[in-house]
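Engineer: Listed below are the residues making up each chain.
Protein chains: 6
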Amino acid sequence: MSSLPTGRFPVPEIADLPQDIRDKISAVQEKAGFIPNVFLALAHRPDEFRAFFAYHDALMEKDSGLTKVEREMIVVATSNANGCLYCVVAHGAILRIRAKNPLIADQVAVNYREAAITDRQKAMLAFAMKVSEDSRSIDDGDYETLRGHGFTDEDIWDIGAVTALFALSNRMANLVSMGPNDEFYSMGR
Amino acid sequence: MSSLPTGRFPVPEIADLPQDIRDKISAVQEKAGFIPNVFLALAHRPDEFRAFFAYHDALMEKDSGLTKVEREMIVVATSNANGCLYCVVAHGAILRIRAKNPLIADQVAVNYREAAITDRQKAMLAFAMKVSEDSRSIDDGDYETLRGHGFTDEDIWDIGAVTALFALSNRMANLVSMGPNDEFYSMGR
Amino acid sequence: MSSLPTGRFPVPEIADLPQDIRDKISAVQEKAGFIPNVFLALAHRPDEFRAFFAYHDALMEKDSGLTKVEREMIVVATSNANGCLYCVVAHGAILRIRAKNPLIADQVAVNYREAAITDRQKAMLAFAMKVSEDSRSIDDGDYETLRGHGFTDEDIWDIGAVTALFALSNRMANLVSMGPNDEFYSMGR
Amino acid sequence: MSSLPTGRFPVPEIADLPQDIRDKISAVQEKAGFIPNVFLALAHRPDEFRAFFAYHDALMEKDSGLTKVEREMIVVATSNANGCLYCVVAHGAILRIRAKNPLIADQVAVNYREAAITDRQKAMLAFAMKVSEDSRSIDDGDYETLRGHGFTDEDIWDIGAVTALFALSNRMANLVSMGPNDEFYSMGR
Amino acid sequence: MSSLPTGRFPVPEIADLPQDIRDKISAVQEKAGFIPNVFLALAHRPDEFRAFFAYHDALMEKDSGLTKVEREMIVVATSNANGCLYCVVAHGAILRIRAKNPLIADQVAVNYREAAITDRQKAMLAFAMKVSEDSRSIDDGDYETLRGHGFTDEDIWDIGAVTALFALSNRMANLVSMGPNDEFYSMGR
Amino acid sequence: MSSLPTGRFPVPEIADLPQDIRDKISAVQEKAGFIPNVFLALAHRPDEFRAFFAYHDALMEKDSGLTKVEREMIVVATSNANGCLYCVVAHGAILRIRAKNPLIADQVAVNYREAAITDRQKAMLAFAMKVSEDSRSIDDGDYETLRGHGFTDEDIWDIGAVTALFALSNRMANLVSMGPNDEFYSMGR
Chain L
10 MSSLPTGRFP VPEIADLPQD IRDKISAVQE KAGFIPNVFL ALAHRPDEFR
60 AFFAYHDALM EKDSGLTKVE REMIVVATSN ANGCLYCVVA HGAILRIRAK
110 NPLIADQVAV NYREAAITDR QKAMLAFAMK VSEDSRSIDD GDYETLRGHG
160 FTDEDIWDIG AVTALFALSN RMANLVSMGP NDEFYSMGR
Chain D
10 MSSLPTGRFP VPEIADLPQD IRDKISAVQE KAGFIPNVFL ALAHRPDEFR
60 AFFAYHDALM EKDSGLTKVE REMIVVATSN ANGCLYCVVA HGAILRIRAK
110 NPLIADQVAV NYREAAITDR QKAMLAFAMK VSEDSRSIDD GDYETLRGHG
160 FTDEDIWDIG AVTALFALSN RMANLVSMGP NDEFYSMGR
Chain W
10 MSSLPTGRFP VPEIADLPQD IRDKISAVQE KAGFIPNVFL ALAHRPDEFR
60 AFFAYHDALM EKDSGLTKVE REMIVVATSN ANGCLYCVVA HGAILRIRAK
110 NPLIADQVAV NYREAAITDR QKAMLAFAMK VSEDSRSIDD GDYETLRGHG
160 FTDEDIWDIG AVTALFALSN RMANLVSMGP NDEFYSMGR
Chain E
10 MSSLPTGRFP VPEIADLPQD IRDKISAVQE KAGFIPNVFL ALAHRPDEFR
60 AFFAYHDALM EKDSGLTKVE REMIVVATSN ANGCLYCVVA HGAILRIRAK
110 NPLIADQVAV NYREAAITDR QKAMLAFAMK VSEDSRSIDD GDYETLRGHG
160 FTDEDIWDIG AVTALFALSN RMANLVSMGP NDEFYSMGR
Chain V
10 MSSLPTGRFP VPEIADLPQD IRDKISAVQE KAGFIPNVFL ALAHRPDEFR
60 AFFAYHDALM EKDSGLTKVE REMIVVATSN ANGCLYCVVA HGAILRIRAK
110 NPLIADQVAV NYREAAITDR QKAMLAFAMK VSEDSRSIDD GDYETLRGHG
160 FTDEDIWDIG AVTALFALSN RMANLVSMGP NDEFYSMGR
Chain H
10 MSSLPTGRFP VPEIADLPQD IRDKISAVQE KAGFIPNVFL ALAHRPDEFR
60 AFFAYHDALM EKDSGLTKVE REMIVVATSN ANGCLYCVVA HGAILRIRAK
110 NPLIADQVAV NYREAAITDR QKAMLAFAMK VSEDSRSIDD GDYETLRGHG
160 FTDEDIWDIG AVTALFALSN RMANLVSMGP NDEFYSMGR
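Chains as they are written, first to last, in our numbering: chain L, 10 to 198; chain D, 10 to 198; chain W, 10 to 198; chain E, 10 to 198; chain V, 10 to 198; chain H, 10 to 198.
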C-alpha cells in the first residue's frame with residue numbers, strides 16, 4: 010500500500026548527498042516528522058533540486074496578497090486537472106492544515122466551483138485554470154476581472170507564477186512516477 | 010463549512026415523502042448513521058428517486074465478476090474526470106471502507122495509473138474512462154483486451170453499466186449542486 | 010442491411026423473460042408495430058431493464074413544462090454528439106412523429122443552431138449540450154439565462170435529467186453495439 | 010419549416026447570373042428536379058462558385074479506386090463531425106440513392122463504426138476522420154494501414170482530397186448558414 | 010536540409026504537364042525566381058491543380074475590404090493551428106513581404122494576440138480561428154462583433170472563405186507531406 | 010514594430026537591480042549583443058529570476074545525452090503548442106545557431122513530423138509533446154519506446170525536465186505578455 014518516492018529512478022542515499030541538500034532535507038524532516046518524497050525524488054539531480062526549492066520557496070513562503078491557503082488552493086486545483094497524484098495529496102494536506110479545514114482540499118481538487126470558498130477565491134481559481142490549460146488566451150480582460158475582485162497586478166503575477174511552477178512540478182512528478190508519502194493522505198482531516 | 014444536500018432545489022421534509030422512500034431513507038440512515046445527501050436531493054422527484062436507486066442497487070449490490078471494491082473504483086475514477094464532488098467524496102469513502110485501504114480512493118481519483126492496484130484493475134479503469142469520455146469509439150479490440158485480463162463479457166457489461174450509471178449521476182449532482190455530507194470526507198481514512 | 014438488437018450480447022427469447030418484462034414488451038410492440046431493439050438488448054439484464062424504463066417513463070412520459078417534442082430534441086441533439094446510432098435514429102423517429110415535422114430530427118441532430126426551432130428551444134439545447142459535455146461548469150448564470158427564456162427551475166431539472174439519462178443510454182448502446190430497427194429510419198418522414 | 014439557401018447573404022436572381030453559372034444551375038435542376046441550395050448560395054460569388062464546382066467535379070465525378078458511394082460516405086461522416094447541416098442532409102440523400110440503401114447515410118453520419126459497411130470502408134473513414142480532425146499527425150503508418158486494406162496511394166490521395174474539399178465546404182455552409190432543400194431529407198429513403 | 014515538394018507522391022516532369030499548367034508555373038517562377046512546391050505537388054492532379062489555383066486567386070488576388078496583408082495573416086494563423094509547415098513558411102514569407110514587416114509572420118503564427126497588429130485585425134483572426142476550429146458554433150453574434158469593428162458582410166465572407174480554403178490546403182499539404190522551398194524561410198526577413 | 014519586454018508589468022532599471030542579477034544580465038548582454046527580454050521581465054522578481062535561471066542553466070547548459078540542439082528542439086516544439094511567442098522566437102534563434110541550420114526552427118515549431126531531423130529526434134519530440142499535453146498518461150511503455158531509440162533513463166529525465174521547465178516558462182511569458190527582442194527573429198537565418 011505504501012508508495013515509493015519514485016517508481017522510475019533510483020533514490021539517493023541521504024548520506025551521499027551534498028551538504029546543503031542534506032540540510033534542507035533535515036529541516037523539512039524535523040518540521041514534518043518525515044521526508045516528503047519530492048525531496049528524495051528530486052535529490053537525484055542536486056542542481057535541479059536546488060533550483061526547484063528556491064523557486065518554490067520564493068513563491069510559496071513569502072508574504073503576498075494571496076494567503077498561503079489561497080496559494081495551496083491553486084496548487085491543488087491545477088494539480089488534479091493535470092492528474093498529479095503527489096501534488097494533490099501532499100498539497101491537499103498542507104491546504105487542510107493551513108486552512109484548518111478538513112474538507113477544503115477535496116472540494117478544491119474535484120470542482121472548485123462547488124467548494125465552500127469565496128467568490129474572489131473562485132475567480133482566482135478560474136484564472137489559475139486558464140493559466141494552466143490555455144495560457145495563450147490570457148488577455149487584458151482577465152486582468153480586469155481579477156482587479157474587480159480586489160487583486161493587484163502583483164497578486165495576479167502570484168496566481169500565474171504558482172500555477173506555472175506546478176505546471177512544471179506536475180509534469181516532473183508524472184515523469185518519474187512520484188508517489189505521495191502515506192502520511193499526507195490523512196493529515197489535517 | 011458544512012454542505013447542503015443541494016444548492017439549487019428545495020429539500021423535502023422527510024415526513025412529507027411517500028412511505029417507500031421514507032423506508033429507503035431510514036434503512037440507509039440506520040446503516041450509515043446519517044442520511045447521504047443524494048437521498049435527500051433526489052427525493053425532490055420520487056419517481057426518479059425510485060428508478061435511480063433501483064438502477065444503483067441492481068449494479069452495485071449484486072454479485073458480479075467485479076468485486077464491490079472494483080465497482081467503487083470505477084465510480085471514483087470516472088466521477089473525478091467529470092468534476093463531480095459528491096460522487097468522488099461519497100464513493101471515495103465507500104471505496105476506502107470496502108477495500109480496507111485508506112489511500113486507494115485518492116489514488117484512483119487523481120490518476121489510476123499511479124494507484125497501488127493490479128494491472129487487471131488498471132485495464133478495467135482504462136476501459137471505464139473510454140466508456141465515460143469516448144464511448145463512440147468502443148470496438149471489438151477493447152473487448153479482446155479485457156478478455157485478455159480475464160474479464161468475461163458479463164464483467165465488461167458491468168464495467169460499462171456502472172460507468173454509464175455514474176455518467177448520469179455525475180450530471181445530476183452537478184446540475185443540482187449536490188454537496189457531500191461532511192461525514193464522508195474522513196470515513197475509512 | 011438489417012441491424013441486430015446488439016452485436017455483442019445474446020438476445021433473450023421473449024418466452025424466457027419474466028412476465029412484467031414480457032408485458033412491457035408486448036405493450037410497446039402493440040403500439041409501435043414492432044419491438045424496438047433497446048427492449049430486447051436490455052432484457053438481457055431484467056433488473057437494469059426495469060430501472061431504465063422506470064427512469065425513462067418518469068422523465069419522458071410525464072407532464073412537464075417541456076413538451077414531449079422538446080424532450081425528444083434533447084435526446085437527439087446530445088445523442089448525436091455522443092455518436093449513439095440507436096438513440097439518434099429511434100428518437101429521431103419519435104421526434105418527427107411528435108412534432109409532425111419530417112425535417113426537425115436531422116436538423117437538431119446535426120446542428121441545432123441551424124434548426125427551424127425557437128430561440129427558447131435553442132437555449133434549452135445549448136444547456137443540454139453543456140450538461141452532456143461539461144457538467145462541472147454548470148453555474149448559477151446558466152440558470153439565470155434559462156429563466157430569462159421562461160424556464161422554471163423544475164423545467165431546468167427536466168432538461169438536465171433527460172440529458173443525464175441519455176448520457177447513460179448512449180453509453181450503454183455503444184457498449185453493446187445496439188442497432189436501431191430498420192423501421193425507425195423512415196418513420197415520420 | 011422550409012429552409013432558405015442561406016440565412017446571411019442575399020441570393021442572386023438567376024436571370025442576373027453569368028451564362029456559364031446559369032447553365033450549370035439549369036443542368037443540375039434538370040437532373041435533380043430542383044436547385045440544390047449550395048448552387049444558389051455560392052452564386053453570390055461567381056468566381057468562387059466556378060472554382061468550387063470545378064474542384065467538386067474533379068473529385069466526385071471522376072473514375073477512382075473509390076466508388077462514388079465511398080466518396081459520399083466520406084462527405085457524410087466528416088460533415089456530421091463538423092456540424093454541417095447542409096452537407097449531411099444533401100450528401101446523405103446522394104449516398105442513399107447511389108448505395109440503393111435507405112439506412113446507410115444515418116449510420117455513417119452518426120457513427121461509422123456501427124454502420125453496415127466493410128472493414129475496408131471503416132478503415133477509409135477512420136483515415137478521413139484523421140485528415141479532418143488531426144491532419145498534422147498523418148504519418149507513413151497511416152499509409153501502410155490503408156495499403157493493407159488494398160488502397161493504392163492514388164486512392165489515399167482521393168480519400169484525403171475529398172475530406173479536404175468538404176473541410177472547406179462545411180466551413181462555408183456554416184459561415185453563410187446554408188440550409189438544405191426540403192427535398193433532400195426524404196430522398197432515397 | 011532541403012525539402013522535396015512532396016514526400017509521398019511523384020512530382021511530374023514539367024515538360025509532361027498540360028500547357029495551361031506549364032504556363033501558370035512559368036508565370037510564378039518568373040515572379041518568384043523559383044517554383045513554389047505547391048505548384049509541383051498539386052500538378053500531379055491537373056484538374057485539382059486548376060480548381061485550387063482558381064479558388065486561391067479568386068480570394069487572394071482580388072480587391073477586397075480586407076487588405077492582402079490581412080488575408081495572409083488569416084492563412085498564417087490558421088495554418089499554424091493546423092500544423093501545416095508548407096503554409097506557415099510560404100505564406101509567412103508572403104506576409105512579411107506584403108506587410109514590409111520582418112516580424113509579423115512569426116507573431117501571427119505563434120499567437121496573434123501578442124502580435125503588433127490592430128484590435129480590428131485581432132478580431133478578424135479570432136473569427137478566423139473559430140471558422141477553422143469550431144465552425145458549427147458560428148452565430149449572428151459573431152457577425153455583430155465583426156460589424157462593430159467595421160467589417161462589412163462581404164468582408165466577413167472573405168475572412169471565412171480564406172479560412173475555409175486553407176482548411177482544405179492545410180489538409181492537402183499534410184496529406185502529401187509537402188515541404189516548403191528553402192527560399193521561403195528567409196524571404197522578407 | 011518593436012516589442013516591449015513585457016506589456017503588463019514594469020521593467021526595472023538595471024541600476025536598481027541586485028548585483029548578482031546585474032552581473033548575470035551583463036554576461037548575457039556581452040555574449041548576445043543585447044539583453045534578451047526574459048531577463049528584464051523576470052528581474053521584476055529577483056528571487057524568481059535567480060531560481061528560473063538556475064533551473065534553466067542546470068538543464069540547458071550541462072553535459073547531457075541530449076545535444077544542446079536537441080534540447081532547444083524540445084523548447085521550440087512545445088512552446089509553439091503553448092502559443093508562447095517569446096519562447097518560439099528566442100529559442101528558435103538559438104536552435105538555428107546551434108544547429109547551424111536556418112530552416113530547422115520553423116520546421117520543429119510548426120510540425121516536427123515534417124522536420125528534417127532523425128527518427129530518434131522525432132521520438133524524443135513525440136514524448137516531449139506527451140509530457141507537455143498529457144503527462145498523466147505517461148507510462149512504462151513510453152520509456153520502452155525511448156530506450157528502443159537509444160535514450161538512457163537519464164536522457165528521458167532530461168527530455169521531461171526541459172519540457173516541464175518550459176511548461177512553466179511558456180505560462181509566465183503569456184502571463185506577463187513578454188515580447189521577443191527584434192534581434193531574435195532573424196538570427197541564424
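In short, the hints are calculated from the structure, not lab data. Treat each hint with caution, since some may be false.
Copies of one chain are not kept apart here, so a pair can be met inside one copy or by any two copies together.
[Stated by the list, open to error] Derived SDA-like pairs (lysine to any residue); straight-line CA-CA distance at most 20 Å:
#  : residue 1 : residue 2
1  : Lys71     : Asp56
2  : Lys40     : Asp128
3  : Lys33     : Asp56
4  : Lys139    : His53
5  : Lys77     : Asp56
6  : Lys40     : Asp162
7  : Lys33     : Ala67
8  : Lys131    : Ile23
9  : Lys131    : Glu153
10 : Lys131    : Asp149
11 : Lys109    : Met196
12 : Lys109    : Leu26
13 : Lys109    : Glu153
14 : Lys131    : Arg17
15 : Lys139    : Gly16
16 : Lys131    : Asp56
Engineer: Are the hints correct? Go through all of them and say.
Structural biologist: Hints versus structure:
no.	hint	in the structure
1	Lys71 <-> Asp56	between (22 Å within a copy, 10 Å between copies)
2	Lys40 <-> Asp128	neither (33 Å within a copy, 37 Å between copies)
3	Lys33 <-> Asp56	both (13 Å within a copy, 18 Å between copies)
4	Lys139 <-> His53	neither (32 Å within a copy, 23 Å between copies)
5	Lys77 <-> Asp56	between (26 Å within a copy, 18 Å between copies)
6	Lys40 <-> Asp162	neither (33 Å within a copy, 33 Å between copies)
7	Lys33 <-> Ala67	both (15 Å within a copy, 19 Å between copies)
8	Lys131 <-> Ile23	neither (41 Å within a copy, 33 Å between copies)
9	Lys131 <-> Glu153	both (15 Å within a copy, 19 Å between copies)
10	Lys131 <-> Asp149	both (19 Å within a copy, 13 Å between copies)
11	Lys109 <-> Met196	both (11 Å within a copy, 18 Å between copies)
12	Lys109 <-> Leu26	neither (35 Å within a copy, 38 Å between copies)
13	Lys109 <-> Glu153	neither (31 Å within a copy, 34 Å between copies)
14	Lys131 <-> Arg17	between (36 Å within a copy, 18 Å between copies)
15	Lys139 <-> Gly16	between (31 Å within a copy, 19 Å between copies)
16	Lys131 <-> Asp56	neither (36 Å within a copy, 28 Å between copies)
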